[in-house]
Each structure stands twice: as C-alpha cells, then as structure tokens.
Amino acid sequence: MIYLKGIKKSFNQLPVLKGINLKIEKGEVVTILGPSGSGKTTLLRCLNFLEKPNAGLVQIGNIIVDAEKATKKEMLAIRKQSAMVFQHYNLFAHKTVVENVMEGLIVAKKVKKKDARQQSERVLDKVGLSDKLDHYPSQLSGGQQQRVGIARALALNPEVILFDEPTSALDPELVGDVLSVIKSIAQEGITMVVVTHEMSFAREVSNRVLFMDEGVIVEEGTPLEIFHAAKEERTRRFLQRISGETYFLPLKEQVN
Amino acid sequence: MGKAFDIMLIFEFIPTLIHYLGVTLQILAVSIILGFVLGIAAAIPRLYKIPLLNQLVILYVSFIRGTPILIQLFLVFYGLPALLMLLFSIDITRMEAIYFVIITYAISNGAGFSEIFRAAIRAVDYGQTEAAFSVGMTSRQNFFRIVLPQAVRIAFPNMANSVIGSLKDTSLAFTIGVMDMMGRGDTLIAATAHALEVYLSLSIIYYIVVLLFEKIFSKLEKYFNRYQKADVTAVA
Ligand SMILES: Nc1ncnc2c1ncn2[C@@H]1O[C@H](COP(=O)(O)OP(=O)(O)O)[C@@H](O)[C@H]1O
Ligand SMILES: [Mg+2]
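The listed protein sequences derive, respectively, from chains A and C.
So the first sequence is numbered by the working numbering: it starts at 1 and just counts up by one.
So the second sequence is numbered by the working numbering: it starts at 1 and just counts up by one.
Treat the hints with care, as some may be off.
What the hints assert, rightly or not - Distance ranges between label pairs, derived from CB positions:
hint : chain 1 : residue 1 : chain 2 : residue 2 : range
1    : A       : SER10     : C       : LEU211    : 54 to 60 Å
2    : C       : LEU47     : A       : GLY37     : 45 to 51 Å
3    : C       : ALA41     : A       : GLN139    : 35 to 41 Å
4    : A       : ASN157    : C       : GLY66     : 34 to 40 Å
5    : A       : GLN187    : C       : LEU52     : 32 to 38 Å
6    : C       : ILE164    : A       : GLY37     : 32 to 38 Å
7    : C       : SER139    : A       : GLN139    : 27 to 33 Å
8    : A       : ASP125    : C       : ARG65     : 51 to 57 Å
9    : A       : PRO15     : C       : LYS168    : 46 to 52 Å
10   : A       : GLU173    : C       : PHE63     : 52 to 58 Å
11   : C       : ILE40     : A       : SER10     : 49 to 55 Å
12   : A       : SER10     : C       : LEU52     : 29 to 35 Å
In case anyone wonders, no lab produced these hints; they're calculated from the structure.
Even for Gly, the Cβ is constructed at its ideal location relative to N, Cα and C.
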C-alpha cells in the first residue's frame with residue numbers, strides 16, 4: 001500500500017507539487033495523465049526520494065517517512081520499497097543485460113551472486129530477452145533496453161514499480177512490445193504507478209486514472225469515469241487534445 | 001666540440017644506458033601511483049565544491065599548469081628542505097635526490113590527474129546514478145560500482161597521455177644529480193665527448209619505451225571500451 005499526504009515540492013521557489021494526497025492499494029495499477037510540466041515526473045520521483053519533497057508524508061509498505069525530517073537512512077529504506085523504470089532506460093552502460101538486473105539484487109538486497117543470476121535470468125525470460133543475457137546495453141534496440149529496465153525493476157520484487165513515460169523515447173514500431181510486457185506484469189498483480197501518454201494503456205490496463213495539472217491532482221476515477229464522464233473541464237480538454245493527436249496518427253501514416 | 005661522429009658507438013652506449021632504465025621507470029611508477037592518490041584527493045573538493053579546499057585545489061592545479069616542470073623540480077629540491085627546516089627543524093638536505101624527483105612528479109601528476117578525474121566523473125551519465133539509487137544503492141555503492149568504472153574508461157586515454165608525458169619528463173631528473181638514463185648519459189658525454197651518439201642512443205631507448213607503452217595502452221583501452229558502441233573520447 002502507498003499513502004501520500006500533503007506532498008509539496010518547489011524548484012527555486014516555484015511550486016511544482018502543491019500538496020498531493022493519494023492512496024494506492026496493493027495490486028492497483030494507477031496511470032497518471034496530464035500535460036507536460038504538470039508535475040507527473042516530480043510526483044513519481046518524490047515517491048522514491050530521487051527528489052526530496054519539501055513537506056509531506058510518504059508511506060510505501062510498512063515504511064513511513066516524514067519528508068521534512070527525512071534522514072539518508074530513511075530515504076534508502078523507502079527507496080528499497082520501490083523500483084523505477086525510466087523514460088531513457090538509464091541502464092548501467094558498463095554492465096551486461098544480466099548484470100544490470102543482478103546489480104540491485106546483489107548490492108541492495110544482498111542476494112548471493114549465483115541466486116541473483118538465476119532470478120535475473122528468470123525475469124529476463126519473462127520480458128523475452130533470454131537470448132541477450134551477455135549483451136551490453138549499447139548493443140540493444142531501445143525497446144530491448146527498456147525491457148531490461150523493466151526486468152531490473154521487476155527482479156527486485158518491490159512493493160511498487162514506478163514507470164515514467166516508459167515508451168515515449170521509443171520508435172513507434174517498438175512501443176507495442178514494451179507495452180505488452182508492462183501489461184503482462186500488470187496482470188500479475190504487481191502494484192504499478194505509470195505516467196504515460198498511451199491512452200490505450202490507461203484505458204485497458206489501469207484500475208484508476210489520475211489527471212494532474214499544475215501540481216495538483218485535478219480528478220481521479222476509473223478509466224471509464226475519466227474517459228467518458230470526466231467532471232472537470234480541464235480533464236476533458238486535455239483528453240480531447242490527446243485523442244485528437246492519436247486520431248491523426250494513423251491518417252498520417254496512411255498518407256506516407 | 002665533440003669528436004667525429006661514430007655510429008658504432010651507439011651500439012656500445014645503448015646497453016650501458018639501458019642499465020639505468022630501471023631508475024627511470026621507478027621514478028615514473030612511484031610518481032604515477034602517488035599522483036593517482038593525490039589526484040583523487042584533489043578531485044573530491046572540486047566535485048563536491050568543498051569551500052576553501054576547492055579554491056586551494058584550483059590554485060594548485062593552475063600553478064602546476066602554469067610553471068615549467070624543471071622549475072617545480074628546483075623549487076622542491078631547494079624549497080622543501082628549507083621549508084621543513086623552518087617549520088619543523090627537520091633536516092632533509094641529505095635525502096637522496098631521487099626522492100625530490102619523485103615528490104615533484106607526484107605533485108605534478110596529481111594536478112593533471114585531478115582534472116582528468118573530475119572531468120571523467122562528471123561525464124558519466126547522471127541517469128545511471130539515479131537508476132542506482134532507484135534500486136536501493138547507497139551513494140558510496142553507486143560511486144564505486146557504477147560511476148568509477150565508467151569514469152576510468154573515460155579518463156583512460158588522457159591518463160595514458162599523461163603517463164607518457166611524465167616518462168619523458170623524468171629525463172630532467174639528472175639536473176639535480178639523479179643517476180637515471182639521462183644522468184648516465186651525461187657522464188658518458190663527459191668521459192667520451194661523443195654527445196651526439198649519446199643523445200641518439202637515449203632517444204632510441206625513450207622512443208622504444210614510449211612505443212611499447214602506447215601498444216599496451218591501446219590494448220587496455222580496447223578492453224575498457226568493450227561495452228561501448230562507438231568510441232567516445234574524453235571531455236577533458
Ligand atoms: N530538477 C529540477 N529543477 C528545476 N525545475 C524542475 C526540475 N524538475 C522539474 N522541474 C520543473 O517542474 C515542473 C514539473 O516538471 P515535471 O515533474 O517533469 O513535469 P511532467 O513530468 O508532468 O512533464 C516543470 O516546470 C519543470 O520545469
Ligand atoms: Mg515527465
């Protein structure tokens with residue numbers, strides 16, 4: 001379970017998160033939508049203290065941290081409750097695929113090397129990369145790299161996996177592969193918070209959709225509620241704009 | 001003027017001179033290792049912007065860069081004993097000259113290395129550090145397991161250049177009386193008056209050693225770059 005209370009974050013006096021309250025149950029898949037600059041990434045990064053909130057309470061699993069007084073030790077403890085999949089993959093460039101996945105297990109979870117390798121191979125099999133174990137990230141396509149990123153997160157078996165636009169840096173033809181991997185782990189009951197612009201994912205996979213704008217959660221609900229019966233004008237405008245863009249895409253492709 | 005040029009003398013001089021290559025390599029090795037440690041120590045205040053120390057390191061690096069190594073050598077040779085006498089009444093005037101040489105080159109290498117390390121550590125993609133944190137690593141674990149190995153790769157070509165430069169710089173050690181290859185060459189010239197043959201012999205030896213170093217370094221560089229698609233050259 002995740003619980004956020006009164007999360008505030010400013011960069012250079014500029015408020016980016018204006019008091020976020022949020023509760024996420026175990027096994028829930030939550031997508032966060034919102035225009036660029038609305039604070040989605042910052043919210044995810046406050047969850048694992050890559051950004052330290054200026055105020056508020058963060059709870060993941062049985063670890064609770066008061067952001068204002070957070071010590072290094074507490075931040076480390078709460079980080080170990082989550083794992084993150086980054087927009088630009090952020091794989092360890094000097095380590096092979098399997099080593100990338102093993103690293104967190106060995107260093108942070110103190111798993112024995114041999115066991116870590118076994119677990120990592122199993123997870124890599126799940127994301128369809130059994131044949132790339134000893135490749136370096138630079139030898140992989142973007143889609144493959146992102147699947148390593150997902151495996152790295154998944155192997156830690158965390159309370160929650162945080163996805164920050166996991167497909168937005170990919171070539172369009174590679175998006176489907178990565179999305180289907182994320183879908184398949186969503187169906188395993190792993191708690192996930194996903195920032196995405198993939199409306200089909202939000203609609204079909206998530207239990208709950210949040211719409212953020214200007215540092216607040218404007219509206220939340222089931223995909224059905226948000227996509228078909230949004231109460232807030234801002235939400236409706238955003239969805240209209242986004243769906244406008246996606247309707248145009250296939251047209252453009254036909255023309256080409 | 002010396003005597004008439006005699007090419008056969010070169011074959012005679014090279015074995016005599018090569019005998020002293022060990023001293024040269026010793027100076028090089030010790031000053032590189034000490035310089036390495038000093039370089040890391042000096043890079044840290046720069047990276048973490050530690051007040052005062054940061055400014056001191058900046059001054060240290062710019063002074064070393066801005067003065068000839070020969071003068072640094074004399075400054076250490078004459079200055080260090082005077083300083084130690086003044087501050088702690090320790091008399092090191094009778095310390096062997098080679099130690100002054102090693103100290104000078106360590107200080108000089110340390111300045112160069114600190115800049116190379118600093119640039120290399122900065123050049124490692126910060127996203128990987130965030131990924132390391134996200135899987136639960138501490139700052140220290142991130143530094144040693146993720147950042148440093150990649151910084152070493154980035155720093156390596158510049159380090160290799162420094163080592164080769166340093167090897168050639170050791171040829172100044174004879175000016176304060178160290179009996180390395182140059183020192184021995186000096187005495188050979190005094191004894192035979194065949195200066196040109198001595199300098200030709202010396203250049204052959206230095207050149208071959210440098211070529212050997214370059215060969216080894218390029219092998220190592222290939223190893224370090226094994227995970228790199230295209231060669232990424234350092235920023236320093
Ligand atoms: N490290 C930072 N320093 C300064 N400003 C930042 C930083 N990170 C984010 N911001 C600002 O915070 C706002 C929200 O950013 P972000 O959370 O990345 O939005 P989103 O992910 O929704 O696009 C933006 O205006 C951005 O410029
Ligand atoms: Mg973002």
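Hints not upheld, ascending by number: 2, 4, 5, 6, 9, 11
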